[in-house]
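Colleague: Go ahead and model the full structure; you've got the sequences and the hints to work with.
Using my numbering, you'd call the opening residue of the sequence shown number 3 and step up by one each time.
I should point out that these hints are in silico values taken from the structure, not numbers from a laboratory.
Treat each hint with caution, since some may be false.
Unchecked claim - Cβ pair distances, simulated, as ranges:
(1) F94 to P36: 24 to 34 Å
(2) I120 to D229: 44 to 54 Å
(3) R142 to E37: 14 to 24 Å
(4) K146 to T264: 51 to 61 Å
(5) I279 to A177: 23 to 33 Å
(6) Q228 to V156: 27 to 37 Å
Claimed, not checked - Derived pair list, reagent style PhoX-like, types lysine-lysine, alpha-carbon separation capped at 20 Å:
(7) K246 to K227
(8) K146 to K73
(9) K227 to K269
Everything numeric in this text was worked out from a predicted model, so none of it was measured.
C-beta atoms are modelled at their ideal positions from N, C-alpha and C, and glycine is treated no differently.
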Amino acid sequence: MNQQGLVEVVLHGASNAIGSHEHPMLESGNLSFPEGKYFVDFEPAKNGSAFRITHHVEGTPLVSRLIAERKAQYGCVVSSPLSSYRKTHLSFDSQHTVNWDAGDIGEPPLFTPLVVCIYADEIVLDSSRDGVHAIWNGQRVNFKAGSRIAVGNVVQLASSIVHLLSLHADDSMNAGQFAVEIETEPFRFRVNLHPDLHRFLRYPTSVVRDNVMVHIVTACLARLKQDFSEDDGESGWESHRALKAFSDYLETNELPHWTDETFRPEKVATALYPLTIPSAGGDSKWDGAS
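Modeller: Here it is, written out as structure tokens:
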């Protein structure tokens, strides 16, 4: 992921394999389309649970023609193996938005870009016209509805800690109180809150709400430092795909890792999400603190 939050995946033949499919396929390691390339750009949306995806298909006249004839669509599968979540988004436009419910996924989702046939078609292939390898020239092939004719590499994007939060109302909490627990199947921070506080955090953004969320993030980072400061093999932090993604996120933002001696939860939390000072003054129980 670059500094603009974009991910570019380039697919083209990496070996001499033609593949064992019943029709030509544009995918990594498959030379069915010798000049074929598949570029996919990912741009995050503002709400954190959506991405704008742009597909670029080059050197594959057959694939481009099927899309132009509206016999195939661009698509992206959003999935989470740990949460058994899977949803396919299709579009005739090369640029489209995919989204998901963060509450259904306990890890950064996986994205599989593709081009899929939506109508059955029978074609006698021609290398010069379709851009296919000579081995396919003159072959009669059947494209079925649902057949994938281009598949990109699976992409998992670096995740902020916000993607790992799960907020729950808890009647046992005192007013204004919360506590953070760690769940590992899949990994997430379960934040138990007094019902009034839980209800308040569901309202539109405000300075107070944002600052409460920073406090929660600080507590989550402190738990990481306490419980996952060392990797213990199969049970350590690297065994959790979500934490590996968050680790990449910290590195991208040039912030200390929770396993570093210099890691300070409150400093990292306020570097990621700086506290906002209300513009209006007023009395406070903290007045006079030094």
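Colleague: Please go over all the hints and tell whether each is borne out by the structure.
Modeller: Results of checking the hints against the structure:
no.	hint	result
1	F94 to P36: 24 to 34 Å	holds (27 Å)
2	I120 to D229: 44 to 54 Å	holds (48 Å)
3	R142 to E37: 14 to 24 Å	holds (23 Å)
4	K146 to T264: 51 to 61 Å	holds (57 Å)
5	I279 to A177: 23 to 33 Å	holds (24 Å)
6	Q228 to V156: 27 to 37 Å	holds (33 Å)
7	K246 to K227	holds (15 Å)
8	K146 to K73	holds (10 Å)
9	K227 to K269	holds (13 Å)
In this structure, none of the earlier numbered hints is contradicted; all agree with it.
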